[in-house]
Amino acid sequence: MKSISLYQDKNTPVHKLDPLSKILYIVVANLIPVLLGNRIATMAFILISIVILTIGRVLKRTAPMLGFSGLVLITVVIIQGIFRQGNATPVLTLGSVVFYKEGLLFALNITLNVINILMSFSILVLTTKPSDMVETFVRLGLSPKIGYVMSSVFQIIPQMTETMATITDAQRSRGMETEGKLITRLKAFFPLISPVVMNSLITTRERAIALEVRGFDSTQKKSFLSELKKTRSDQIFKAALILVFILSLVGRVLMWLK
Amino acid sequence: MAKIVVEHLKYRYPLTEELVLKDISFTIEPGEFIGIIGENNAGKSTLCQALVGIIPNFYKGAYGGKILIDEIEVAKQNVSDICRKVGIVFQNPFNQVTGSKLTVYEEIGFGLENMGLPRNEMIERIDYSLRLLDIYKYKDRNPFDLSGGQMQRMAIASIIAMRPEVIILDEPTSQLDPQGSDEVFRAVQSLSHEGITIIMVEHKMEKIAAYSDRIMLLQDGQIAAFDTPQKIFSMDDLDRYGVNAPAFTRICKSLNIKDEKTGCYPVTLKEAEDALSLSGKGGLRV
Amino acid sequence: MSRIEIQEMDFSYTANEPILKKLSLTLDERSTAIIGQNGAGKTTFVKLLKGLLRPTQGKILFNENDIKSMTVAQISKYIGLVFQNPNDQIFKNKVIEEVMFGPLNIGMSELEARRHSQQALTMVGLQDSEGENPYDMGLSERKLIAIASILAMDTDVVIFDEPTIAQDYKAKEKIKEIVRTLKSEGKTVLTIIHDMDFVAECFERTIVFAQGSILLDGATKEVFAEKEKLQQAYLEPPHVTQLCNSLGYEEVFLTVEDFVSHIKQNRENQS
Chain A
7 MKSISLYQDK
17 NTPVHKLDPL
27 SKILYIVVAN
37 LIPVLLGNRI
47 ATMAFILISI
57 VILTIGRVLK
67 RTAPMLGFSG
77 LVLITVVIIQ
87 GIFRQGNATP
97 VLTLGSVVFY
107 KEGLLFALNI
117 TLNVINILMS
127 FSILVLTTKP
137 SDMVETFVRL
147 GLSPKIGYVM
157 SSVFQIIPQM
167 TETMATITDA
177 QRSRGMETEG
187 KLITRLKAFF
197 PLISPVVMNS
207 LITTRERAIA
217 LEVRGFDSTQ
227 KKSFLSELKK
237 TRSDQIFKAA
247 LILVFILSLV
257 GRVLMWLK
Chain B
66 MAKIVVEHLK
76 YRYPLTEELV
86 LKDISFTIEP
96 GEFIGIIGEN
106 NAGKSTLCQA
116 LVGIIPNFYK
126 GAYGGKILID
136 EIEVAKQNVS
146 DICRKVGIVF
156 QNPFNQVTGS
166 KLTVYEEIGF
176 GLENMGLPRN
186 EMIERIDYSL
196 RLLDIYKYKD
206 RNPFDLSGGQ
216 MQRMAIASII
226 AMRPEVIILD
236 EPTSQLDPQG
246 SDEVFRAVQS
256 LSHEGITIIM
266 VEHKMEKIAA
276 YSDRIMLLQD
286 GQIAAFDTPQ
296 KIFSMDDLDR
306 YGVNAPAFTR
316 ICKSLNIKDE
326 KTGCYPVTLK
336 EAEDALSLSG
346 KGGLRV
Chain C
22 MSRIEIQEMD
32 FSYTANEPIL
42 KKLSLTLDER
52 STAIIGQNGA
62 GKTTFVKLLK
72 GLLRPTQGKI
82 LFNENDIKSM
92 TVAQISKYIG
102 LVFQNPNDQI
112 FKNKVIEEVM
122 FGPLNIGMSE
132 LEARRHSQQA
142 LTMVGLQDSE
152 GENPYDMGLS
162 ERKLIAIASI
172 LAMDTDVVIF
182 DEPTIAQDYK
192 AKEKIKEIVR
202 TLKSEGKTVL
212 TIIHDMDFVA
222 ECFERTIVFA
232 QGSILLDGAT
242 KEVFAEKEKL
252 QQAYLEPPHV
262 TQLCNSLGYE
272 EVFLTVEDFV
282 SHIKQNRENQ
292 S
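Chains as they are written, first to last, in the working numbering: chain A, 7 to 264; chain B, 66 to 351; chain C, 22 to 292.
Bound-form chain A, shown alone:
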């Protein structure tokens, strides 16, 4: 079975958490450091995210994403470290290139914030089934039709790639070249794109009819086959998050009053 989601199917406490709890975590993990204006808070949440990802046994899956953003962040560090306006205190000199403290600290802030966002989102994306996520939104009032479009995308797109492979085979079979000079590849564009589009249109229409005869267009309020499992862990987790958030709010107000 092919799917384009990043979801990893495992049986961990993190997987069993309600998607809403994980969304609350993302909000709290990113809002508190902003409230407290403190690098320590950001680092703390990154650590908490790492712990949660480890419990969910999906920590390794964050590697590609971290690797890629790592590359981008290095360029930020370099550019800010060297060229940021207001750079005054040199910290590192490599040949004729000078890195300044102010720029580096600024870049560090950005890096920490970015990693915090990515890690907290990873918890949601790697441990939640897309259909569960969509169902959460539909229960909250999202139109079931939009919910359907969102859920079906994950499986229907990989199916389309199979059709594209067949179309390519069919045209190559009639002597069409697909490799070589740019002009060769451009000539291959229409014979490939046209059947793909037509096929998709025909398939979509047939599917739309199949959906209609299963009551898709019904004005009746939709029910749900899956059970809403509100576990104790969800309640504890959410309560803890809200508590920490309130504490931070109080802390901020206190700091402001000082």
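The hints are simulated quantities; they were obtained by calculation from the structure and are not laboratory data. Careful, some of the hints might be misleading.
In silico EDC-like cross-links for lysine to aspartate or glutamate, where the CA-CA straight-line distance does not exceed 16 Å [to be verified]:
#, chain 1, residue 1, chain 2, residue 2
1, A, 228, B, 186
2, C, 195, B, 304
3, C, 193, B, 104
4, C, 248, C, 272
5, C, 113, C, 151
Since the structure of chain A is provided, determine the placement of chains B and C on it from the hints.
Quick look at chains B and C alone, frame taken from chain A:
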């Protein structure tokens, strides 16, 4: 149980000039197994879609006459409402998979969720459909991981779970291998035994002759004949309607051997076997 | 007359799941039907003949030349394949242009391509629809256009993938005619198909694929006599053969005509 009455049905697709259905009238009694045959473009698929209300509601176009299922006029209903009475299964199993569900079990529940049924009733209906179509063992698989025959049975199960009284199948076995085809025919037969009215478009004459109570022969948007399989396939001029009689019938026609009970030519293997043995003209070594 | 020789060919996508196992056979001038359950390896086999897939082991020789060294485009000059779904290839908005696509790709001149295309369209009965848009025509006609687009390439070998799906009686008769005409022109005709009656009426040789190997291979009559092996492959013989089996005949009859003439012969002999 629903009775189907069609009165002077006419239909023309939008932006076309010719009528695809030209004044069709017939009645189908509850529980009947009706086969529909005819050459391509005779209007078979159009008729099927009209019976579920997809025509005219999905396609628009020019519509005349009435279709009454259990005295309810189909064209005046929403497809999403009439689908509780009449279900339809199409040729291509792939395009009937919603794509939004990860297991066969949930896939069958899709229509039931749309109907707003309570959870325990959904579970009961899904289990029933899985067993009736003999796909219970696949309930946790991904819908796209099934074979063609299994996928088509899942499509039928998804419709059956909605408990329609009539189910229409438009060439359901045409894209399947012989095994898949057999699986679907057997499944449809168990549906028929449950008392559901079946309307099936088919090109496999030997099969449709064996399963149907009556066969409707369509040509050029009109009903050329609507009778028992024996009477239909005994017609002399089948050729000009673009259909071929079952192999068994053609053999007996050439040898002028009729079935004594029906007075017509045999249309199934069993009928032909009996008629040929009886007549002793088989010249066989038994 | 062309010959395709397959020598001890293996194929698999991944190391531990062999799809085709040590296949050896020779395709000669006899019209050949390939039957078997879905998943038995028939489509994979045909793709290997076209070079769309390459064997993991073994060789395919076309007229003594290993096709390993030929590109898909080069192979398509000699071996043509009509795909199952016409919507997977049609992209022009005039029938004649669609049919000319293949011939032009393999190097025919505009004039030659047009001539061959018109001949091909006549063969499928669509000679009057040259200027129409394929998508304005029904699925059945588009299947015929797909056939024409391969016939126009005038290849030595023509392979059909499920030509009779969704076709009515008249269209099937037309396809039978096409197979017979191709055979009379000396071309090798190969088909993947599920319709046993069609095979019985049209194809001299039948090969049964099961789980990546060849279960049966021989004259169609001989193959359909092997009741147990056919059952193993989840296949049934043609309807006429089934009737004769149930009547207790030892001899195998493939078509209505065969059986009827046998009986009439018997009647004459008895009287």
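(Q) What's the verdict on residue 228 (chain A) and residue 186 (chain B), does the C-alpha distance respect the 16 Å limit or exceed it? (A) holds, 14 Å
(Q) Between the alpha carbons of residue 248 (chain C) and residue 272 (chain C), is the straight-line distance 16 Å or under? (A) The given pair, whose Cα atoms are some 13 Å apart, holds under the 16 Å limit.
(Q) Checking one constraint from the list: CA of residue 195 (chain C) to CA of residue 304 (chain B), max 16 Å. Satisfied? (A) Roughly 14 Å separates the two Cα atoms, so the pair holds.
Q: Take the C-alpha atoms of residue 193 (chain C) and residue 104 (chain B), compute the straight-line distance between them, and say whether it is at most 16 Å.
A: holds, 11 Å
Q | Pair hint residue 113 (chain C) and residue 151 (chain C), alpha-carbon separation not exceeding 16 Å | A | Measuring from Cα to Cα gives roughly 12 Å; hence the hint holds.
Of the numbered hints given earlier, the model fails none.
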